[in-house]
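Engineer: Chain by chain, the residues:
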Amino acid sequence: NAGVTQTPKFQVLKTGQSMTLQCAQDMNHNSMYWYRQDPGMGLRLIYYSASEGTTDKGEVPNGYNVSRLNKREFSLRLESAAPSQTSVYFCASSEGGDGYTFGSGTRLTVV
Amino acid sequence: GQQVMQIPQYQHVQEGEDFTTYCNSSTTLSNIQWYKQRPGGHPVFLIQLVKSGEVKKQKRLTFQFGEAKKNSSLHITATQTTDVGTYFCAGRAGNNRKLIWGLGTSLAVNP
Chain V
37 NAGVTQTPKF QVLKTGQSMT LQCAQDMNHN SMYWYRQDPG MGLRLIYYSA
87 SEGTTDKGEV PNGYNVSRLN KREFSLRLES AAPSQTSVYF CASSEGGDGY
137 TFGSGTRLTV V
Chain D
768 GQQVMQIPQY QHVQEGEDFT TYCNSSTTLS NIQWYKQRPG GHPVFLIQLV
818 KSGEVKKQKR LTFQFGEAKK NSSLHITATQ TTDVGTYFCA GRAGNNRKLI
868 WGLGTSLAVN P
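In the order they appear, the protein sequences are chains V and D. Residue numbering for the first sequence is 37 to 147, as defined by my numbering. Residue numbering for the second sequence is 768 to 878, as defined by my numbering.
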């Protein structure tokens with residue numbers, strides 16, 4: 037049982053490049069989330085998907101787009117990366133009001 | 768907006784000492800969750816409290832939810848080096864699916 041799988045684990049981008057962070061869960065959860073974590077800032081919600089076919093903005097959506105491809109997969113796209121998007125990105129999933137299961141994270145550096 | 772304040776921000780203890788972190792919400796919460804994140808790792812769900820005044824224990828960890836459902840605490844008895852990490856609380860207000868996260872308390876344990 038893999039839980040939540042994120043790829044890639046590490047990435048270095050140049051300013052202006054684009055990339056997609058992939059996330060897949062095998063727990064049949066309806067809800068999925070993308071967070072970024074920066075020192076001293078805690079976990080900030082970028083986008084979430086309450087169920088397949090729906091997505092909503094979180095606290096810090098600017099510069100990002102998401103796709104809920106199916107129930108298992110929820111991807112995060114950076115169209116034109118900026119140094120301010122250097123961060124650790126976590127995908128998570130949950131069912132109902134239960135606790136979140138997080139992936140191991142993507143450490144992104146934009147130079 | 769809705770906020771969850773977590774104190775202290777950092778705590779250094781000697782192995783064997785007790786440790787407590789506190790969470791205070793600006794609004795009444797329907798439930799509160801606690802997570803642990805090891806250095807370089809991802810948040811891992813520990814527990815959820817739902818009822819007013821609820822107390823739950825997991826080995827050396829004791830979790831409490833306040834009577835007014837606006838505050839919570841995590842107490843660790845006789846800390847061990849394996850307790851090192853950042854402890855986050857996260858609460859839900861009403862039927863809101865999204866969690867409101869505290870900024871976490873980082874615990875360091877000197878052997």
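In short, the hints are calculated from the structure, not lab data. Heads up, the beta-carbon is just placed ideally off N, CA and C, and yes, glycines get one too. Treat the hints with caution; some may be incorrect.
Residues of chain V placed beyond 10 Å of chain D at every Cβ, according to the derived structure [stated by the list, open to error]:
{"id": "1", "residue": "67"}
{"id": "2", "residue": "135"}
{"id": "3", "residue": "137"}
Derived pair list, reagent style DSBU-like, types lysine-lysine, alpha-carbon separation capped at 35 Å [to be verified]:
{"id": "4", "chain 1": "V", "residue 1": "107", "chain 2": "D", "residue 2": "837"}
{"id": "5", "chain 1": "V", "residue 1": "107", "chain 2": "D", "residue 2": "818"}
{"id": "6", "chain 1": "V", "residue 1": "50", "chain 2": "D", "residue 2": "818"}
{"id": "7", "chain 1": "D", "residue 1": "837", "chain 2": "V", "residue 2": "93"}
{"id": "8", "chain 1": "D", "residue 1": "803", "chain 2": "V", "residue 2": "50"}
{"id": "9", "chain 1": "V", "residue 1": "45", "chain 2": "D", "residue 2": "818"}
{"id": "10", "chain 1": "D", "residue 1": "826", "chain 2": "V", "residue 2": "45"}
{"id": "11", "chain 1": "D", "residue 1": "823", "chain 2": "V", "residue 2": "50"}
{"id": "12", "chain 1": "D", "residue 1": "826", "chain 2": "V", "residue 2": "93"}
{"id": "13", "chain 1": "V", "residue 1": "50", "chain 2": "D", "residue 2": "837"}
{"id": "14", "chain 1": "V", "residue 1": "45", "chain 2": "D", "residue 2": "865"}
{"id": "15", "chain 1": "V", "residue 1": "93", "chain 2": "D", "residue 2": "818"}
{"id": "16", "chain 1": "D", "residue 1": "865", "chain 2": "D", "residue 2": "803"}
{"id": "17", "chain 1": "D", "residue 1": "826", "chain 2": "V", "residue 2": "50"}
{"id": "18", "chain 1": "V", "residue 1": "107", "chain 2": "D", "residue 2": "823"}
Output of the computed footprint for chain V on chain D, the stretches with three or more beta carbons under 8 Å from beta carbons of chain V [unchecked claim]:
{"id": "19", "region": "782–793"}
{"id": "20", "region": "865–878"}
Engineer: Which hints, by number, does the structure contradict?
Structural biologist: 1, 2, 3, 6, 9, 11, 12, 13, 17, 19
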